Structures are given as structure tokens and as C-alpha cells.
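The sequence shown: position 163 = 147 (my numbering), numbered continuously.
Keep in mind the hints are simulated off the structure, nothing from the lab. All values derive from a computational prediction rather than experimental measurement. Built from N, CA and C at the ideal position, the CB exists for glycine as well. Treat each hint with caution, since some may be false.
Stated by the list, open to error - Computed beta-carbon distance windows for the label pairs: (1) Asp166 - Glu337: 21 to 31 Å; (2) Gln65 - Thr231: 45 to 55 Å; (3) Arg281 - Pro141: 36 to 46 Å; (4) Arg191 - Asp238: 26 to 36 Å; (5) Ala190 - Arg281: 47 to 57 Å; (6) Gly122 - Asp278: 12 to 22 Å; (7) Ser280 - His9: 46 to 56 Å; (8) Asp166 - Ser280: 50 to 60 Å; (9) Arg245 - Asp(-13): 40 to 50 Å; (10) Pro3 - Leu57: 38 to 48 Å; (11) Arg46 - Asp166: 45 to 55 Å; (12) Ala164 - Glu337: 39 to 49 Å; (13) Arg191 - Ala76: 58 to 68 Å; (14) Ala164 - Ala296: 29 to 39 Å.
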Amino acid sequence: GRDLPVRFRLLLARSVTAPIPWLVHQGAIRSCETLAGLVPQISSSALSLSYEDPALRELYQRLYLAFSKRRSLLLLNYQKQVQFKELPWVAAIQSVARPGDKAQIQHTLSAVFLSAIRAFPQTILPNPLVRQLSSLDGDLPLVEELAIDIFMGSFSPKFRKAAQIAARVLEGSLYQTYYAIDPKDVLELKDDNDFSDYCRGRAGVARYTGRYEFQGITVQARIIEQEQIVTTHNLAVLMDSANLRDTLSAEAMDLAVKTYRWILPLACRALHRNESKLCAYAWRQMVFLLSLVDRSRVLKEFLPQARETLEAMKDRGFVARFTPALNGLEAACRGESVEKGASGRVVLGWTVERHWLLPQV
-15 GRDLPVRFRL LLARSVTAPI PWLVHQGAIR SCETLAGLVP QISSSALSLS YEDPALRELY
45 QRLYLAFSKR RSLLLLNYQK QVQFKELPWV AAIQSVARPG DKAQIQHTLS AVFLSAIRAF
105 PQTILPNPLV RQLSSLDGDL PLVEELAIDI FMGSFSPKFR KAAQIAARVL EGSLYQTYYA
165 IDPKDVLELK DDNDFSDYCR GRAGVARYTG RYEFQGITVQ ARIIEQEQIV TTHNLAVLMD
225 SANLRDTLSA EAMDLAVKTY RWILPLACRA LHRNESKLCA YAWRQMVFLL SLVDRSRVLK
285 EFLPQARETL EAMKDRGFVA RFTPALNGLE AACRGESVEK GASGRVVLGW TVERHWLLPQ
345 V
């Protein structure tokens, strides 16, 4: 007649075949990275529908699941590891595949993306999940989080494509006002060098000369962060391709509040750069979500509640440090430049000096 211990219930939940939202609710999925590990089971099933023969369908699923377990690496000079479809035995069975069920694949892609953004709105899509979504629709310009230490100073074509989709989808939005993105500038970028120079300019770094020179971790990171800002790190691309704007708009306020409540305690106890970076990445996700809500609602509903929550915190030094973040968001809601305001700041993860969100030492 007694309830099972929590740890035992969590172990049981991990062995259950159930919808992702149920597994999240039960605590079996506690991070976007854990979710990414389960997605191959879903995507392999959707992709295997290209085969009429049940035996080939099962073979494809098993090959896909086995391949998804390999360790993925980011390589220098934009090289790639061997891709799944390049395996000889996979290429052999693909010769008898029929065109995939686009509706089913689209449904799967939408369901996975929505599960991630609903459960973990504060987390950027991790690379394993990005790769799984790319396997469902190889035409989408989905971008990985680049490793700072092996970043070669420029970007492959899909980054510019993703940025231009985001510029079109978010034209005139709070997101573009907050981060000072002129969509015309992005849409006029003609090649990958233009895009690299654009991100470098936003980061305050010299133009790309075509010859890579390591300029330090902070410089590399600032360029990559600007790329993530301009591309929205896949949010705009996925929302647009899956026609999810109305769905996300209806939930955006609640998800933004959830993200803000995740940011505050982390920012309050942050002592190191990695913690301030996570706060900035989550803040960017939050600004994207708020861009799907009418600005008047952000001003009248979100910001007063956000300020009240902040003021209730005991660490008055943190309250003073964090207030400029909300001031900057409010300025953007009013259509004003955040950078030109005296009391507001744009929340970025990487700064030249010690991050202003961190306590001074």
C-alpha cells in the first residue's frame, strides 16, 4: 500500500515506451540532451516508412539506431565524419526506397521540436538533436553549436541561409529590435564571406582575410555568439518550416516566464563565465519567445511580473546588477535602441572584460 521510492519510479519510467511529454512529466527526461538520445527511435521509425518490405524496414531502423550511437565529432576545416547514407550497405538498400511520407516526417519533426521547446525552453538545441532533425529534413539549414577552440573563422553556407530565413520570419520583431538586427543587411549578404564579416562586425572583430589566425577564446566565442543571435540557432528555421508560429505564439508567454524563472537563480549564483554564458543563451531563447507576443503584453504583463520577481530576491547586489537587463528589454519593447539607453544593457554571454552580471572580485 506504500508508494514506490522516487528513485525507483524514475528507473521504471526510463524503461517505459511512452510519449515524450509523459516521460518529461515523470522525470525520465530531465534535459534536452537526454531527449536527443531518445529521438533516433522516433526518427528511424519515420524514415523507415520509405521501405515497403517489412524486413528492409526493420533493417533500416536497426542500422539507423546503431549508427546514431557513434560518437560525433566536430572536425577542422569544415570536414565531416562519414554520413549514414554514405555507408555502402545503407546505399545498397536505399536504391529500393520509395519517396518518404513527407507528412509523417513533417509531423515527426514538429513533434520533436515542440517537445524540446516546451520542456526546456531555456536550452539551445544541442548538436545531437540538431543532427537528428537534419536527418528528417536534409534541406533545412539547421546549424550546430560550433566549438570555440576549433572554429576556423568563417561559416559554411547553411549559416547564411539560416540567418536569412530568420531575418525574413522575424522582420520588425522585438528580437530584431533588441539585438539591433537590420533584416535588410542580412538579406543582402551574398556569400559566406559576407556572412562571416557581418558576424565579425557585430562582434567588433576585424574582417575575415581568408587566412585563419587564432585570436583568442573570447574573440572566437563572440563571433560564434553573434552567429547564434542572427540565426536564432534554429528556432526561426524550425518554426517557419513546420508552420508552428501560431502554435508557439499561443504558448510563448508561459514559456518565456518559465525561462525567466530558470535564468534568475542561475544568474544570482553565477561566479564564472560559463554560467553567465548559459544565462545569456537562455535569455536569447526568451527574447525569441517574447517576439511572438504582442509588445504591449510584454510591457503590461511580462515585465511587471519579471521586475516583481527580481525585487523579491534577497541579494540586493544581484538585483542591482540584473536590473539593466530588464531595462534593456523594456527599451526594445518601446522600439528604442538598447545600446543607446543609459540604463539598459543587451545580455550577451561573452564580453571582453569581466561580465557585468557577475559579482566583482
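Results for each hint:
Between aspartate 166 and glutamate 337 the Cβ separation comes to about 27 Å, which falls inside the hinted range of 21 to 31 Å. In this structure the supplied range 45 to 55 Å is violated for glutamine 65 paired with threonine 231, their Cβ-Cβ distance being about 34 Å. The supplied range of 36 to 46 Å is met by arginine 281 and proline 141, whose beta-carbon atoms lie about 37 Å from each other. In this structure the supplied range 26 to 36 Å is violated for arginine 191 paired with aspartate 238, their Cβ-Cβ distance being about 42 Å.
Taking 47 to 57 Å as the suggested C-beta distance range, the pair alanine 190 and arginine 281 does not conform, at roughly 41 Å. A hinted range of 12 to 22 Å is violated for the C-beta pair glycine 122 and aspartate 278, which are about 36 Å apart. The hint said 46 to 56 Å for the Cβ distance between serine 280 and histidine 9, and at roughly 33 Å that hint is violated. For the hinted restraint 50 to 60 Å between aspartate 166 and serine 280, the CB-CB distance of approximately 24 Å leaves it violated.
Checking the proposed 40 to 50 Å range against arginine 245 and aspartate -13 shows it is violated: the Cβ atoms sit about 28 Å from each other. Taken as a hint, the range 38 to 48 Å is violated for the pair proline 3 and leucine 57, whose Cβ atoms sit roughly 32 Å apart. Taking 45 to 55 Å as the suggested C-beta distance range, the pair arginine 46 and aspartate 166 conforms, at roughly 49 Å. Taking 39 to 49 Å as the suggested C-beta distance range, the pair alanine 164 and glutamate 337 does not conform, at roughly 20 Å.
Checked against the given bound of 58 to 68 Å, the beta carbons of arginine 191 and alanine 76, roughly 47 Å apart, lie outside it. Between alanine 164 and alanine 296 the beta carbon distance is about 31 Å. The supplied range of 29 to 39 Å therefore holds.
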